[in-house]
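A.B. asks: These protein sequences, in sequence, are chains A and B.
In the working numbering, each number is its position in the first sequence, counted from 1, plus 674.
In the working numbering, each number is its position in the second sequence, counted from 1, plus 674.
Simulated from the structure, these hints should not be mistaken for laboratory data.
Every value quoted in this text rests on a predicted model; they were computed, and no experiment measured them.
Each hint should be verified, as a subset may be incorrect.
In silico BS3-like cross-links for lysine-lysine, where the CA-CA straight-line distance does not exceed 27 angstroms [what the hints assert, rightly or not]: (1) K896(A) / K888(B); (2) K888(B) / K927(A); (3) K691(A) / K713(B); (4) K690(A) / K679(B); (5) K888(B) / K888(A).
2 protein chains.
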Amino acid sequence: MENHKNTEQAFRAYVKKMADYKEANAVLSWDLMTGAPPKGKEQRAEVIGMLATEFFKMSIAPEMYEMLARLGEEDTYTRLDPVMKAMVREMRKEYEKNKSIPAALFQEYTVLTSKAQIAWEEAKRTSDFAAFRPYLEKIINYLNQFIDIWGYEGHRYNTLLDKYEPGITVEIIDPLFADLRKKSVSLLERIQERGKTSDTTYLKKRYPASEQRKFNEFILQKIGYDFLAGRLDESTHPFSIGLNPGDVRVTTKIYEQDLQMALFSSIHEAGHAIYEQNIAPELVGTLLSEGASMGIHESQSRFWENIIGRSEAFWSYFYPNVAAAFPEQLAGASVQTLYRAVNQVQPSLIRIEADELTYNLHIMLRYELEKSLITGDLHVADLPGAWADKMDDYLGITPFDDASGALQDVHWSGGDFGYFPTYSLGNIYAAQLEAALTRDIPDYKEAVRRGEFDIITHWMTQHVHRYGKMLEPAEIIRSATGEGINADYLTTYLENKYTDVYELV
Amino acid sequence: MENHKNTEQAFRAYVKKMADYKEANAVLSWDLMTGAPPKGKEQRAEVIGMLATEFFKMSIAPEMYEMLARLGEEDTYTRLDPVMKAMVREMRKEYEKNKSIPAALFQEYTVLTSKAQIAWEEAKRTSDFAAFRPYLEKIINYLNQFIDIWGYEGHRYNTLLDKYEPGITVEIIDPLFADLRKKSVSLLERIQERGKTSDTTYLKKRYPASEQRKFNEFILQKIGYDFLAGRLDESTHPFSIGLNPGDVRVTTKIYEQDLQMALFSSIHEAGHAIYEQNIAPELVGTLLSEGASMGIHESQSRFWENIIGRSEAFWSYFYPNVAAAFPEQLAGASVQTLYRAVNQVQPSLIRIEADELTYNLHIMLRYELEKSLITGDLHVADLPGAWADKMDDYLGITPFDDASGALQDVHWSGGDFGYFPTYSLGNIYAAQLEAALTRDIPDYKEAVRRGEFDIITHWMTQHVHRYGKMLEPAEIIRSATGEGINADYLTTYLENKYTDVYELV
């Protein structure tokens, strides 16, 4: 008893140190992405590498093995508190994943992906898939080696999925996505047949950066992003980063010719950040003080960006503010005009510019291609063609070059296969959570209409945020909604929304 | 031979890791001081503490001892290259300093100074010296314990001085300061008798923060601060911080009712930063990539702030720019008006507000009090009285309360005894360097008048900057100027300047 208490204490202190390394590196990364001067970046990368190596070494050190072994003894494990149990579970996973890959192999792979990212940037710039092809082939080869080392159940791709969405498998996703795809394509066709267009001209006027900055800050503060525990900056690619729950930062990118780009990216990132700001404080230093999975994380950002941020209630509440902030640009625009404008559906080539409905079709295309690439059913050389075929099938358009096709996303160059599906899982979870929220607080939309966003954050904190990584995604969804993952809520939500926006019958 | 090459390599890698820890912590500190949200700061302090502890542990680890022993063998040491020699010298110093203090004693002292800083802030706020007195007494007691452990030659205070200005002793400073004090007091009296006042009204108009920010950036860029290797932010107390030579950041503080506060603090900090930006790149990762001492560092900031920034040539060159930046505020102000305004001499109670002439008197007062406190000739209880007496002697004014007297500076609460004199040493070095610069480039002031500041930076880089911590302060001064430390250049410089500004005869 005494002994296992000592081990627990030592384990906590050990993991706290790892968490501190991780936090240090997160600060350095944020700094690199928001304004570190160029001449110091190369040396800074070495600092980041050193800290990451210390973290990695700790994760596979003999001490770690011994502590996990002791705490994992059945007699001991059952007596651990829930936080300890989750820590042991997560650290064991990390240990096994890291320990099983030979150091040399991992090193080769790290070098490959960092070169591949540079090659991808250049290939995208020149729209030259052939230049990127050898890198992608090698990456897929390594991923398959990792899958063989780690093992897999069911589909080979499951092992990759598990990195981003623990517990989710091809066997779960395939039927969900099949149904979502069918209904999305059909809804898209009905919208296109209806032939009604949104008036988006108001959103495309000149919106000065300084005014947008102030407006975005105002909105974020209103919806519950805590500026005493965060800050908003600008960066090339918007992101959110949790250093600790008292310091979760967001960035946005401002386009002076467009009101909605910065606004929705700010709200999206604030969704991620509000999640991490509300993780239970007792999880600090346990490495559980982060999102449960990429999908659950994305459920929060998408919930705020789309379900709330693109709702009629939201625009109704903020209408006086937005009209006052941009009186000239928005003179004559009604709530309904703006609501319809931000919900325009328009098939497009680029995922990150896609609307709420077609977005999932971009994801499913990538998911299907990834699976085929991993199994070898699709050769990298044939990827651009396969991409074009699916774009045509799902969206009725095809890329005019590689940059607007298979080279558009950074993910594959970093080896992030299995990541894309979490975006649509996020949309599915978000709609499920919205249904559960409606069940618990039937008039929550009226609260939004009055600007009382804390009702939502409170509910989300109770059911999602506070757990951090203590619960697995499926447990969170089940305990919050009373059922397992179910895409019907998303299809119903989309159906209702576009019936309203496009006056479908 | 083979063996000592291996030790050299291992030592380099080991020290590089320490330097990386230091750089990581510097980024975290910069972040804390420039905009980290308050709620995350407590946990961030733990991260900083962890990284500092790793650095400290490495500095006294058995491996360090062994490597220093091997590299220190006479046969080996003489064959090391100069960088290696300096690394061994510095790390040995660090090892001996850190190793000799019992861990428990150091821990107690760390806790004491962190509490003392909080107590000092409160005591200053309420102007209550009695509340701070017990902390100061304890700090002095610890410092005396450290002096006994580390040993001393000559005056006990030398051991403290050596922390900030290696090689400088009371025996060196006392005669220098005595002469400087006599001449400064006499010059001050002549200025006061002359009865001429500068017109500073132009500097006290309304200068909007955003305009000042732009103007400061412009000036810094012009004088050679490299914005590709740095950035300018705002903070409560202006500072500069070198992360690596490619990333040396400065901050300033803007007062909208004053043009010169931000301007001269920006130039001052840029002086520090230009120094570190120009340290030889091969010193990165050796822990020699920083200033040689506090005094040499201060010589650079003071040189830019006072000798250049408050020169007639400087104002002559920038006059069109400053007049264009602030046309309304400066309508009617001539170059001469501005030059005289920024060189106003006026005895004041607060060190950081003091002019170039009286500043050194503030320093000498502190230096003398520190010595007496350490030897026990002065009791802490008697400090406010002793302070008032010296203020009256040197400046002819006395504090109206403790906050404007002995409580005004943060240094003592952090245990930084021995630090103050480096400010005046910096002024002395700066004037010596200016004389050497004039000898090498007799028309350098004409270059300033044409805005060709790179001539100066080039000279300083050759003679000071590039060496980083490779040379000791005395070596730098001797190799740059051809002689040892000499305060005559400063007294001559001050004499000439104020004869010009105040038209003394």
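A.B. asks: Are the hints correct? Go through all of them and say.
C.D. replies: Status of the hints after comparison with the structure:
1. Between K896(A) and K888(B), the direct Cα distance comes to roughly 31 angstroms. Violation of the 27 angstroms bound is thereby established for this hinted pair.
2. Of the supplied pair hints, the one linking K888(B) and K927(A) holds, its CA atoms being roughly 22 angstroms apart against a limit of 27 angstroms.
3. Under the criterion of a C-alpha separation no larger than 27 angstroms, the hint pairing K691(A) with K713(B) is consistent with the structure, at around 20 angstroms.
4. Of the pairs offered as hints, the one joining K690(A) and K679(B) is violated, with about 38 angstroms between alpha carbons and a cut-off of 27 angstroms exceeded.
5. Taking the CA atoms of K888(B) and K888(A), the gap is near 20 angstroms; set against the 27 angstroms cutoff, the hint holds.
Checked against the numbered hints given earlier, the structure breaks hints 1 and 4 and satisfies all the rest.
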